[in-house]
Amino acid sequence: MALKTFKIGGVHWDDHKIARDAAIEQLPIPSKVAISMAQHLGAPAVPCVEKGDKVKVGQVIGTPAGFVSGFVHSSVSGTVSAVEPRADIVGNMVMHVCIDVEGDEFVDGIFTSDRVEREIKGSAEELLEKIKNAGIVGMGGATFPTHIKLAPPKDKKAEYLIINGAECEPYVTADDRLMREHPHEVVLGARIMARVLGVEMIVIAVEENKPEAFDALTDATLRYVGIEVVKMKKKYPQGGEKQLIDAITGRRVPSGALPIDTGCVVQNVATSYAVYQAVQKNRPLFERVMTVTGECLPQPRNFMVRLGTPLSYILDAVGGLPENAVKVVSGGPMMGKAVVNLEATTQKGSSCLLLLTAEQTSRAPETACIRCARCSQACPMGLEPWLLNRLGRAGDNDGLEANKIYDCIECGCCQSTCPAHIPLLDVVRTGKADVMKIIRARAKK
Amino acid sequence: MAKLTVSLSPHFQSPVTTRVLMNDVLIALAPAVLVSLLFYGWNFFMLLMVSVATCIACEFVIENYLLGKDIPSISATCLTGVLLALNLPPAAPWWVAFLGSIAAIGIAKMCFGGLGQNIFNPAIFGRVFLLVSFPAVMTTWAAPAGWLGVDAFSGATPLAAINEGLRQGIPASQIIADNNLSGWHMLFARAGGSAGEISALALILGFVYLLVKKVIRPHIPLAILGTVVVLTSIFSLINPDQFTGPLFNLFTGGLLLGAIFMATDYVTSPMAPLGMIIYGVLIGLLTVLIRYFGSYPEGVSFAILLGNMATPLINKYCKPRRFAA
Numbered sequence: 001m002a003l004k005t006f007k008i009g010g011v012h013w014d015d016h017k018i019a020r021d022a023a024i025e026q027l028p029i030p031s032k033v034a035i036s037m038a039q040h041l042g043a044p045a046v047p048c049v050e051k052g053d054k055v056k057v058g059q060v061i062g063t064p065a066g067f068v069s070g071f072v073h074s075s076v077s078g079t080v081s082a083v084e085p086r087a088d089i090v091g092n093m094v095m096h097v098c099i100d101v102e103g104d105e106f107v108d109g110i111f112t113s114d115r116v117e118r119e120i121k122g123s124a125e126e127l128l129e130k131i132k133n134a135g136i137v138g139m140g141g142a143t144f145p146t147h148i149k150l151a152p153p154k155d156k157k158a159e160y161l162i163i164n165g166a167e168c169e170p171y172v173t174a175d176d177r178l179m180r181e182h183p184h185e186v187v188l189g190a191r192i193m194a195r196v197l198g199v200e201m202i203v204i205a206v207e208e209n210k211p212e213a214f215d216a217l218t219d220a221t222l223r224y225v226g227i228e229v230v231k232m233k234k235k236y237p238q239g240g241e242k243q244l245i246d247a248i249t250g251r252r253v254p255s256g257a258l259p260i261d262t263g264c265v266v267q268n269v270a271t272s273y274a275v276y277q278a279v280q281k282n283r284p285l286f287e288r289v290m291t292v293t294g295e296c297l298p299q300p301r302n303f304m305v306r307l308g309t310p311l312s313y314i315l316d317a318v319g320g321l322p323e324n325a326v327k328v329v330s331g332g333p334m335m336g337k338a339v340v341n342l343e344a345t346t347q348k349g350s351s352c353l354l355l356l357t358a359e360q361t362s363r364a365p366e367t368a369c370i371r372c373a374r375c376s377q378a379c380p381m382g383l384e385p386w387l388l389n390r391l392g393r394a395g396d397n398d399g400l401e402a403n404k405i406y407d408c409i410e411c412g413c414c415q416s417t418c419p420a421h422i423p424l425l426d427v428v429r430t431g432k433a434d435v436m437k438i439i440r441a442r443a444k445k
Numbered sequence: 001m002a003k004l005t006v007s008l009s010p011h012f013q014s015p016v017t018t019r020v021l022m023n024d025v026l027i028a029l030a031p032a033v034l035v036s037l038l039f040y041g042w043n044f045f046m047l048l049m050v051s052v053a054t055c056i057a058c059e060f061v062i063e064n065y066l067l068g069k070d071i072p073s074i075s076a077t078c079l080t081g082v083l084l085a086l087n088l089p090p091a092a093p094w095w096v097a098f099l100g101s102i103a104a105i106g107i108a109k110m111c112f113g114g115l116g117q118n119i120f121n122p123a124i125f126g127r128v129f130l131l132v133s134f135p136a137v138m139t140t141w142a143a144p145a146g147w148l149g150v151d152a153f154s155g156a157t158p159l160a161a162i163n164e165g166l167r168q169g170i171p172a173s174q175i176i177a178d179n180n181l182s183g184w185h186m187l188f189a190r191a192g193g194s195a196g197e198i199s200a201l202a203l204i205l206g207f208v209y210l211l212v213k214k215v216i217r218p219h220i221p222l223a224i225l226g227t228v229v230v231l232t233s234i235f236s237l238i239n240p241d242q243f244t245g246p247l248f249n250l251f252t253g254g255l256l257l258g259a260i261f262m263a264t265d266y267v268t269s270p271m272a273p274l275g276m277i278i279y280g281v282l283i284g285l286l287t288v289l290i291r292y293f294g295s296y297p298e299g300v301s302f303a304i305l306l307g308n309m310a311t312p313l314i315n316k317y318c319k320p321r322r323f324a325a
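Here the protein sequences line up with chains A and B, keeping their order. Heads up: the first sequence runs through residues 1 to 445, numbered per this note's numbering. Heads up: the second sequence runs through residues 1 to 325, numbered per this note's numbering.
Since the hints were derived computationally from the structure, they do not count as laboratory data. It cannot be assumed that every hint is accurate.
Below are the DSSO-like pairs computed for lysine-lysine, each with C-alpha atoms no more than 30 Å apart in a straight line [as the list claims (entries may be wrong)]: (1) A:K437 - B:K319; (2) A:K4 - B:K3; (3) B:K319 - A:K17; (4) B:K319 - A:K234; (5) B:K214 - A:K17; (6) A:K437 - B:K213; (7) B:K214 - A:K7; (8) A:K7 - A:K17.
Using C-beta positions, here's what the derived DEER-type ranges look like [said to hold, decoys possible]: (9) B:R321 - A:G103: 44 to 52 Å; (10) B:M46 - A:P298: 53 to 61 Å; (11) B:M46 - A:P211: 57 to 65 Å.
The beta-carbon is built from N, C-alpha and C at its ideal position, and this holds for glycine as well.
For reference, chain A alone in the conformation it holds in the complex:
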């Protein structure tokens, strides 16, 4: 049978999954952590502790500041040393709760055993409440609060729950390890979310370059009906929400619409694991699996990391920042963000720390566009990046809108294929921001 995949565009870069055979290790807890209040999409949480307070692992330290917002929990036990704005990974000043670590004492009620709890108790509402209180967000990188996605508007009905185990970004192996080592937890998390949504059909999508994960999940799902593990072709951006829905169901999310409009809800495998921990173990989201990788590292690793751990501390654990590494990326090479500041700390969406050398990441000087159309062949949204580049540089916002710049998912396929090294996505991002502003202003009138 042909492997499933999305129909338009995409690229087939070498997947560089050099950390795939490194089992998840518990990273020792650092002596100080700084936990960001803006680890989710939406309004930053409001700190609810003060300097000098004693906190335990799993204790709420930030409360939601709006509808699209979320709880933040302490990842360590100790004393709050400061509540202050600090620079996050990309350099934005964000409120952080800084904690000096003392011991490792959990809040009462958190189960710390590794036993798999299979029996799902509680109604959909109770389960949703637990997920919300655990501060769970989309852990594939988008960090949209999960409880909102699991509570679609009344007039929309979810038919499919798609668990995204594509992990199509090169280098990243955090989800792969999670699926291989904790398949039962991932499957149970998916079943919990399915119960919340009231859907009958769960599809777990795994790319073909993770055969062990596919087998482990297939074994773990044998006992259940209504849950299917599907092997996907290796193609970037397979894990894009819209691409994944197209690949699995053949449905296309229209411009400006949400996945739920096609009857689909997509959640990442790490989110699924976090949901399991929250519901079955009373364990809110305070740690995650993170790949630390790059060809310049002697040994790429996968760590279970407490949120708020400084990046410099993680780098020390792998032998320090290698001499020849010039760029540190939080996330994968296609959509990850370049780290500005190594004293910044890990967040709920930090799936990977990628170290790149100058040869791997240097931007060659831009040359003339030769109209080879590789960018529009690669674009998974069927756009024409070469045209958007021209219109964008000319400041032609009407032209940009007519050519659907708002559909861009910023996957980076265009720019990475460009033989003339044109910074297509840089230009498109700027143009897209301008056009979205215009569209929003028009909607207000």
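Once you have looked at the hints, place chain B on chain A.
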């Protein structure tokens, strides 16, 4: 603290650069160039050298000396030179290559702003410039002469022979038989004509290389060749005495060279698959019409120039398949 490089994503760039792509086209042309060298010897070698050198010199003068910039891609400039040489009669004198190259780079490419900005394929423009300006020189053909080099004579290309014969009222099949012009003959280097037209097989080899390396997509060549085959089949079925058949048309003249290497020029051809097909059909149609009804025996060059002119319009209306309607 260590200094970190910061930029927006993506943080990865494909190793396939403009230079790599252009070099791949040059490699794909290698079989055709080698066959031409074998059959036409020193004179073709001279033409090749003069074209390439003039193209580079011309672009250097304009880009570096007049504009103070660097040549963006020497490989692309070489490619124009090589293609122009392959489009010349193999017995042509050196100044033909020289003037053609100046027209190709100086007028068709640099006047429009250099690499990526030109409307017409420079090499085709150069050839048509020469054809119109020096018709006598451009239609003095050398018959392929084995290993011996050029044996210049005022012979006719297969297409010219047909054109001339039909005018005298001889049936097409008769002319083909008289001149030993069956399509299978021409597949293996028996056809007289421009240097690059000598061996269909060498050109097809290059085509396969381009497809395997994903330098070009098959849409344009297949649309052109398909249109020619379909149209010539219909015409030759209706009146075989007046119109030559598909096999003959496929392997004669500049059709393969044009369809594979000239019409697929990135800059001057449409970018969306549907546009590529429309453009290919247009070129195929024009080629057949010019060959059958025009006063010139060969129509590929003109057809491609006309196709180039339609490209911006085609690009405007043929968009790629969008993800969201």
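Output the numbers, in ascending order, of every earlier hint that fails for this structure. 2, 3, 6, 9
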